[in-house]
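Put together the whole structure using the sequences plus the hints.
So the sequences go chain by chain: A and B. Here numbering that gives the first Met the number 0 is used: position 350 in the first sequence is 349, and no number is missing along the way. Here numbering that gives the first Met the number 0 is used: position 505 in the second sequence is 504, and no number is missing along the way.
Calculated from the structure, these hints are not laboratory results. A hint or two may mislead.
As the list claims (entries may be wrong) - Interface residues of chain B toward chain A, partial, derived using beta-carbon atoms under 7 Å:
1. C44
2. N62
3. A66
4. V84
5. G172
6. R419
Here the structure is a predicted model, which is why all the values come from computation and not from measurement. All C-beta atoms, glycine included, are put in the ideal place defined by N, C-alpha and C.
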Amino acid sequence: MSEPILSRNFNIPDAHKLSVAESRGAYETAKKVLATSKPEDVINAVIASNLRGLGGAGFPTGKKWQFLPKDNPKPVYLVINADEGEPGTCKDRYILERDPHQMIEGIIISAFAIKSHKAYVYIRGEYVEPYRNLQAAVDEAYKKGYLGKNLFGGTYSLDLVVHRGAGAYICGEETALLESLEGKRGLPRLKPPFPAIVGLFGCPTIINNVETVACVPHIMKNGAEWFVKLGTPTCGGTHLFSLSGHVKKPGVYELPMGIPLKEIIYNYGGGIKGDKQLKAVIPGGISAKILTAAEIDVKMDYDSLKAAGTMMGSAGIMVMDENTCMVKMLYYATKFFSHESCGQCSPCREGTGWAHKIVTRMYHGEGTLKDLDTLLTIARNMEGRTICVFADAAAWPIQSYIGKFRAEFEAYIQNGKGKDLKPQEAVLQHG
Amino acid sequence: MANITIDGKQVTVKDGITIIEAIDQVKTELPRYCYHPGLSIAGNCRICQVEVEKMPRTVIACNTRVAEGMVIHTQSAKAKESQQVVLEFLLANHPLDCPVCDQAGECKLQDYYMDYGLYDSKFNEQKVKKTKKAVSIGPTIMLDQERCILCSRCVRFGDEITKTHDFGIFNRGDHAELNIYPGQELNNKYSGNVADICPVGALTDKDFRFKMRVWYLGSQESVCPGCSRGCNIKVEYEKSRPYHLKNERVMRLKPRENMDVNKWWMCDEGRYAYKSIDQNRIQKLISKENGVSSEISWQKALEKIAGLLKNAKPSSWAVLASPQYTNEELHLKKKLFKDQLKWTHIAFYAPGQEGSEDNFLIKKDKNPNSAGAAQILNLNGAADMTPVIEKAKRGELEGLIIFGHDLEKIYGAETLKLIRQKVKTIIYEGTNNNPTSAVADMVLPGVSYAEKEGTFTNFEGRVQRIRKAVEPIPGTLPTWDFLLNLSGLLGLSYKALRPEHIFEDLAKDNQAFQDLNYKKIGHQGMVWNKK
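Encoded structure:
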């Protein structure tokens with residue numbers, strides 16, 4: 000990787016401060032775009048850049064913006080999803096904490112493009128330090144006239160509100176996020192209507208991920224063609240990969256779209272800790288289906304990972320060595336999903352809790368072989384039968400861990416493993 | 000319009016309606032918990048799964064709109080599987096305490112298990128324990144959180160219909176529970192409806208709870224007599240175990256859908272007012288002679304009254320009719336007292352009896368048939384009873400026939416006392432004992448609205464039928480029957496045998512009722528012809 004783009008300021012001391020950020024070129028592009036471009040120019044550039052939503056879904060960003068109704072009398076809102084809660088993911092955190100002005104500049108240009116005059120950043124409640132830096136950056140930008148009325152002395156005005164979440168994973172689902180932002184319980188909404196038509200406070204709303212909008216100034220500065228060349232034919236630019244687990248050098252790496260997973264683990268991550276054997280990798284956060292060591296010859300982009308039967312998701316790569324217990328892994332996955340299900344749809348509400356109870360029992364040495372089939376049935380029955388994709392995400396770990404490591408699960412059950420686990424580990428989730 | 004196919008049947012439905020609305024129009028069965036036509040779409044129970052051709056997965060019928068050419072299957076293997084697995088999830092943490100659950104028999108979990116479930120349960124874990132089991136949450140409703148399937152109908156009812164925002168769902172995942180907000184109680188004028196719309200045994204009606212298993216109930220269509228709205232109701236009565244609850248026959252009232260009157264709802268005031276049907280009833284025909292009360296037969300009483308009326312001077316007798324009575328009965332009163340006997344003192348309106356009113360269902364006129372009474376008796380604005388009462392107080396009346404009114408309640412005990420002194424003969428006809436019946440010379444036991452046929456005209460002129468749910472108490476006689484008999488003795492002959500025939504006569508006699516008959520009025524009523 001030649002030149003870092005999104006992460007270029009991550010190691011610059013005090014880059015979250017406006018003076019430092021400006022010395023590194025922050026807001027130059029926004030000033031220029033607002034002074035010389037039309038909103039359609041930005042949208043066209045973003046479409047041409049192949050920028051895709053980097054929150055996990057990978058939907059083309061420019062196309063999303065075009066879903067806004069034409070000749071709409073209501074205000075348009077831009078909402079930034081900074082509720083980064085996917086286990087194994089910490090990429091947005093770096094932007095929010097270390098280079099918030101990069102995102103604010105992206106918000107200015109994006110909001111200008113969709114003719115919005117009010118933007119919200121919904122930031123994960125647990126992100127205290129990122130919140131402080133972001134709020135300070137917003138305050139500084141307001142003071143300098145980069146936010147508020149008549150930005151940069153021009154005619155365009157934009158208000159930006161930072162709103163802290165209260166710790167629910169489901170509020171990262173965009174419509175649950177909108178509900179939460181409106182002051183209600185964070186429950187995903189029925190779709191249609193989609194947020195671009197009926198979003199925040201009933202108005203047309205675009206919801207973009209932190210990293211997605213952070214890409215926009217770079218596209219406007221260097222051109223769409225430059226951005227396209229960084230990535231794959233269908234997916235432009237670079238991506239921040241969160242690498243964790245049993246690697247020698249975990250961390251956030253900015254790498255081009257389509258980089259081989261192997262290269263991330265062995266070159267950038269320095270290989271497996273203690274030089275052990277690799278057992279499995281989750282490529283895109285806890286929701287993504289697991290890949291066995293034999294399956295890691297895959298490129299890290301939306302289409303390649305989909306073809307490999309898993310997904311890019313949040314690009315949170317979790318590496319597991321040969322000693323990792325898959326039953327325990329599944330225990331943590333089902334624990335997470337049963338704890339975070341919003342409880343609205345019956346299959347998810349009941350299915351995630353049910354699955355976790357079975358896995359907990361299994362983990363503590365009281366599983367049966369029949370339980371494995373029951374788990375797969377629960378997963379299959381939850382999948383695709385709910386309002387949002389949470390239930391699908393909860394089903395995929397069950398399906399892929401058992402599907403790919405069934406022999407290990409069977410051996411665990413038959414050999415009576417787990418019976419000697421400490422009592423505190425046996426405590427049920429809510430118990 | 001959109002042409003769609005539901006289970007192989009081609010139908011044309013309105014554009015933009017949901018699949019479940021189309022399904023309801025063709026009267027196909029489809030399970031539903033959270034969907035209610037009177038509430039917003041929640042889409043959370045997920046049971047109304049249907050297969051739509053060319054769609055990869057089954058979809059919920061309540062939030063999918065029809066489109067031209069759509070082919071929908073509610074019974075295909077794919078649809079049935081989806082319905083079944085969702086039901087299994089819904090029942091996973093359900094306590095299955097049907098033997099002690101009052102909803103049993105009208106529980107949609109039970110019904111749908113038989114219709115769409117019939118699987119062998121795979122759930123073998125500890126169920127989630129919730130805190131509130133059989134807890135009172137207000138004067139009328141009990142809450143059981145474990146039975147709740149979180150369909151949110153009651154939440155939406157409070158948010159959207161009464162706007163009292165009583166309920167919320169608290170916590171997350173399988174620990175989510177329904178509750179009322181801290182420090183609040185469920186106490187609004189329509190609280191009882193939440194027990195109706197609760198598809199399971201989570202919200203039950205205190206008044207009905209454990210009184211009777213629902214499979215012992217009979218049900219008859221009727222109209223609430225509690226105010227001039229005329230909400231359509233079902234009178235539910237015990238049908239097969241008379242030994243079970245002595246002297247109590249009507250067990251509860253339930254609202255009956257009528258989009259032009261009350262939609263799906265009824266108020267608590269009306270809902271719990273049924274007790275007068277079985278309590279404090281006048282059951283004996285009493286006649287006082289020289290200060291001695293004795294029970295006499297209807298035959299004797301009719302002869303006695305006919306004798307009195309034959310010799311009565313039209314200006315010295317008065318009749319207090321009542322808007323609590325049916326159109327048919329008011330018609331007979333008009334024919335007898337006004338047309339035949341030529342009495343001049345006829346009134347029905349009791350002043351100062353208005354109650355509360357709201358912008359939804361409750362009307363301040365607490366009579367079910369004021370419009371009918373005014374139209375039929377046609378008193379040219381002289382409907383108020385007060386002039387008659389004044390006349391009686393001055394001793395200008397010889398006799399008074401009172402239908403249902405309690406003069407003490409309307410005019411005070413002093414007035415009743417004075418009238419008793421001044422009026423020689425007071426004949427009282429009614430259903431329940433009260434201070435006025437207590438002082439009457441003759442007390443005629445009538446029947447309640449649940450024991451007779453007839454029609455009421457609501458405040459908008461909608462003529463609606465009440466129907467007999469239970470037989471009259473032995474010794475009581477429907478007012479129409481009594482008036483028919485009395486009219487016969489006084490030289491008026493009718494071919495009428497039933498209220499339906501009286502109504503036919505009314506339709507001939509009164510322009511507002513022209514062209515109406517029981518068949519046309521049907522189950523949902525019809526607005527009269529008054530311009």
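Hints violated by the structure (listed by number, smallest first): 3, 6
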